[in-house]
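Chemist: The residues making up each chain are set out below.
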Amino acid sequence: MSRKELISKVGLRLDGRRADELRRIRCKLGVFSEPDGSAYIEQGLTKVLAAVYGPHQVRGNRLKAQADAVIINCQFSMAVFSTSERKKRPRGDRKSTELSLHLRQALIAAIEVEKYPWSQIDVYVEVLHADGGIFPACVNAATLALIDAGIPIKEYVCACTASIANNNQAMVDISHEEEILGGPTLTIVALPMSEKIVLMEMSQRFHLDHLKSVLEKALEGCKNTKNILDQAVQNHIVDVGASTGWASTGEKVKR
Amino acid sequence: MHTTKIFIKKNKIGNYLKHAREHYIRDDIYCGFESCDKCTRATSNLSSKHVNKCNLLKNNHYLILDTNVILDQIDVLDENVIGNVIILNTVLKEVKHRNMPIYKRLISIIENPSRHFYIFVNDFNKGTYLKQELTELINDYNDRCIRKACSWYIEHIPDETFVLLTEDKNNRAIAQQEDIPAYSIVEYVQNLTANENLIDKLAKKEFQEKFNAADIFPPHLTIVEIDKGIKDGRLHQGTFRASRDNFLEGSVNIQSFEEDVILRGYSNLNRVIDGDVVAIEVFQKDQWVSPSELVLEDDTVNALDDNLERKELEISKQRTSKKNIKPTGRVVGIIKRKWRQYCGILQEGSAAVYHLFLPADRKIPKIRIETRQAETLKTQKIIVAIDSWPRNSRYPNGHFVRALGKIGDMKTENEVILLEHDVPHSQFSEEVLSCLPKLPWLITEEDEKVRVDLRGIDICSVDPPGCTDIDDALHCRPISDDKLEVGVHIADVSHFIRPYTALDTEAASRSTTVYLVNKRIDMVPDLLSSNLCSLRGGEERFAFSCIWEMDHNANILNTKFHKSIIKSKRAMTYEEAQLTIDDKTQTGSLAESLRNLNKLAKFLKKRRMDNGALVLASPEVKIMMDSETHDPIDVEVKKLFETNSMVEEFMLLANISVAEKILNDFPDCAVLRRHPEPPALNLEPLVKAGKHLGFEINIESGKKLAESLDQATRDDNPYLNTMLRILATRCMLQAVYFASGTFQKHEFFHYGLAVPLYTHFTSPIRRYADILVHRLLAVSCGADATYPDLMEKKKTAELCQNMNYRHRMAQYAGRASVALNTHLFFRGKIQDEKGYILYVRKNALQVLIPKYGLESTLYLGKKDEKLDIFTYNEEDQTQRCADVVFHAFDPVTIRLSMDSKNIQHEKFVLQLVFPVIEGFSVPPLEDVEMPEPEIPHKKRKK
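Chains C and V are the protein sequences, given in the same order. Just so we're aligned: 152 in this note's numbering is position 157 of the first sequence, and the numbers increase by one with no gaps anywhere. Just so we're aligned: 582 in this note's numbering is position 574 of the second sequence, and the numbers increase by one with no gaps anywhere.
Just so you know, the hints here were simulated from the structure itself, not pulled from any lab data. It should be emphasised that the depicted structure is a prediction, and the values quoted were computed from it without experimental measurement. We put the beta carbon where it would ideally sit given N, CA and C, even for glycine. Mixed in with the good hints there might be a few duds.
[What the hints assert, rightly or not] In silico BS3-like links for lysine-lysine, alpha-carbon gap of 27 Å or less:
#1 V:K414 x V:K909
#2 V:K139 x C:K42
#3 V:K802 x C:K4
#4 C:K4 x V:K803
#5 V:K26 x C:K82
#6 V:K101 x C:K4
#7 V:K112 x C:K90
#8 C:K4 x V:K414
#9 C:K4 x V:K334
#10 V:K101 x V:K66
#11 C:K207 x V:K802
#12 V:K134 x C:K42
[What the hints assert, rightly or not] A partial selection of chain V residues facing chain C, derived with a Cβ cut-off under 10 Å:
#13 A50
#14 L54
#15 F128
Please take these sequences and the hints and turn them into a complete structure.
Modeler: What follows is the structure in structure tokens.
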């Protein structure tokens, strides 16, 4: 497929990771005070901000309101400076509309929608820096922001990418460099605890022989991401709790 | 588990862009030593058992190499003496970036466990990673990384000694300051205890004795200057092709010129070697010259003689006829060297350690090498690599790589042919052989379930005598009054060769079986090619069948493909089959089906011809070998029977049917074969030759060309038509394999066969393309599953490229082998033979001797002086002497003998016998034998 070896003779990828290693994930909850919930996530060099407003009354067209479920409104956007080439990225272009829809689909699966009839939740995600795996980072950030907003979710919803290197090895969490050089990329959004797949997208066709191993890798990536997010949420609760006096003992909360 | 650092890189893609990449630095990278208890274990080939002995160091040591050592001295590294080498990832990456072939050789050394090489990933290791400074050049940075890795190793394993080998003086000096033992490779090899002949293999950049010789070549421009020049349009880029006959001339094909640009003379050629990509400057029109028709050879013997005036004069003496001038230019810089290893012999006559090496390929200049084993090497064919060509040296400098064997030995000569044509010919590895089925091989019930049982049908195969890799068989039976069932059964090789096995990789790399006169280099191991896949008579075999229902006029009513089990009733030769058809007393079902097939084939052939298929010709001969001594005992033109054409027709039909089927099912990745229409320029020689003889050759389309070729006959010269067809063959382009997704639909056309779609399906034992086609077809008819690479357009295109290359090389190798054996046959013989003039040249006639398929030059006069008795007429391409006029295609009788003075390039010497020209021709030999030459018809592309 590609000329360049994505995994070297000694089993390292271009940036020094092994095939089954995620990039470094750093995240923070409650980065803004205005929204009801917010989060910031870094996956490698990909950086995403997410903000959640609601649940609140349905704004705009009241007819959209549903009697049995909350309306989830998602908006994806990319900063002008997010890629190496500066480019105006108008809202509502094809790519961002598509990603907004996907994000909405992913979140509906996790949020307990029936709890808030006649209301609406707004989720805004903004990519500050794009270095591969934009969509998974958005999903992960949105999950954290929802948790920060205190909206009940069934479980963590996590996303991850995987691809195939040197035509036979599955690798997880694809960077921008690998995206360009490599073959098809598989993106999945999953509920890692119940091992349900919410959304799956392929950038190109996979051969059936490869799909299974790549899918497994991506699922594994989702599970690992979930553990990292979970840790971050716990730390956040300890921090918040400590400052409000809930956990005056200062001990780490253990689940 | 790992820490992160981010570094920022500036990249140029049209405009400056800032790229950020991550770089993970790890603490789990293994140093490669078994004795180490600090590292996470992984596999390593380093071994304490291997000992490097060098007088520079007291004890055993481990080597760390700099990039320049690997790039320049890969031949030394190939030797088993050197082991326990640590290759740093920094170095490996740089080697890969700089030179891909050397990188591949290095990888194969590293992968060989007995060589004890180990890759240490220094750039991702916590202890050895260094950040590149802002103003630091990449080379300095790499050197610093290498030194850092050395000192890390010294600290990490204090018990062992580590030595840095580098050619870079500065790097060596800094390393020694940092207490790293550092030597140059020359120093090291000279002091090796077991250096044997390793010194000879050292590449030499400079011959020291001649250090102060004057420069004789103009300097090359730098890359930057070349780039600028090309952008300005002052310079042009192209690939240099040396002339076969004249060592001071060559041509470069550049895009902006219709014609090739001629380069002539030492300083204009400026150290260029055949195949190099060069930058050239084209002269003003008044300095343009016409291609010289002189034949010049470099006859210097002394390795240290740098005088090149003499020959230069000779070539400039030649007056240029103003008419035929072509763009002329000179080389100003080399963009990419295409140096490889060359086979050849040492030239005698040089004393001391410097010798001249004569490459077997005439297009390559002599190479100066240094060797102390000249006495033994004199009788051997050897391989030499070029290292450099400094401005003050007349010859490129090189070094000895290895010896092949005695000169003149059949085995050595075959080896030379195979090496020169890049034919992979090593024994099949254990890994490959382990993919073969175990004997005894039996057909199981499961096989019977998935295959159509055709064992009851009378199938037979028709092949040349002595053929052991039978890949096709045929049958024909009536199924109703007006319908016939015709089947072509092809050996089911893809059943045995499964994708992603070592066997498959090997077959893909070889791509084709290569036939030399006395040797066959198989694409797949013998067990498959001559046994399990070969459709031998009376044995049950797996086949892939293509079955048609036809009416008696050979119109196809229905086509189907399936895998089957067949039992060939008989393996026949063409001659046997012909006899069976002709012998009216034979009325068995086999004879009947052959007769039916023959009848249908005639319809098919006629239809093909009507569509405008070309009948081309090339002189093709078979060499009869003495079965015991393996010396050629006779050369004869291949015999052709009607049955040859019968089998050919059905193979063509099967190929066409399969091509349609797979293209329909796999529009993107079907393997097809196309034959592009030759551009009018290519066909010009043919049209001209026709015109001189008074024939109009119409080249508008293939059909028109075929028609005009058919009409161009003359009763007094029956061979004339064949000659024209031979010329036509030489004007054609190569037919090539391609993946259907990489070309436009109208480009799929096969010009020679005049069919819109064509592929190769019928010889999977000896061609890899057929195996791919089999796999595709198997998927089409539900007999097999796909695999990822089969569906990948790019992968298929890559395979096609390799197949085309190997295919071409196999043809050249086959021809070279025939030429070699013809030479052997003629050694010491003198014969008068009938021949035909193919081309008329300024100082020579090109003569074709059909009996031996030989083409050679009859010089009109001595090598240097031209006889005045001939007058050359450029207009009608004739040579006249008194009342004898030589036209192209005229029959002549010539005397053939061998000139064996030059043991590497034995030449035929031709002398004219008839027509008689006073003072030039020779009287006929007493035992004049003048048999009518037979006319070969077999189509073959050049």
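Chemist: With reference to the structure, classify each hint as holding or not holding.
Modeler: Outcome of the hint check:
1. The hinted pair formed by V:K414 and V:K909 meets the criterion: a straight-line CA distance of about 17 Å does not exceed 27 Å.
2. Distance restraint check for V:K139 and C:K42: the Cα-Cα separation of roughly 24 Å lies within the 27 Å cut-off, and the hinted pair is therefore satisfied.
3. Distance check on the hinted pair: V:K802 and C:K4 sit about 23 Å apart at the alpha-carbon level, within 27 Å; holds.
4. Among the hinted pairs, C:K4 with V:K803 is consistent with the structure: their alpha-carbon atoms are about 21 Å apart, no more than 27 Å.
5. Proximity of V:K26 to C:K82 is assessed by CA-CA distance (about 14 Å); at most 27 Å being required, the pair is judged to hold.
6. Only pairs whose Cα atoms come within 27 Å are accepted, and V:K101 paired with C:K4 is accepted, the gap being roughly 11 Å.
7. Proposed proximity of V:K112 and C:K90 is contradicted: the alpha carbons are some 42 Å apart, above 27 Å.
8. Taking the CA atoms of C:K4 and V:K414, the gap is about 40 Å. The hint is violated against a cut of 27 Å.
9. For the proposed pair C:K4 and V:K334, the alpha carbon gap of about 51 Å is over 27 Å, so the pair is violated.
10. At most 27 Å may separate the alpha-carbon atoms for a hinted pair to count; V:K101 and V:K66 exceed this at roughly 32 Å.
11. A distance of roughly 23 Å separates the Cα atoms of C:K207 and V:K802; the hinted pair therefore holds under the 27 Å criterion.
12. Straight-line distance between C-alpha atoms of V:K134 and C:K42 comes to about 26 Å, which keeps the hinted pair within the 27 Å bound.
13. For V:A50, the suggested interface contact is upheld, since its CB lies about 8 Å from the closest CB of chain C, less than 10 Å.
14. Among the interface hints, the one on V:L54 is violated; its C-beta lies about 14 Å from the nearest C-beta in chain C, farther than the 10 Å criterion.
15. Using the Cβ-Cβ criterion of 10 Å, the hint placing V:F128 at the interface with chain C is satisfied: the shortest such distance is roughly 9 Å.
Violated hints, listed in ascending order, are 7, 8, 9, 10, 14; each of the other numbered hints is respected by the structure.
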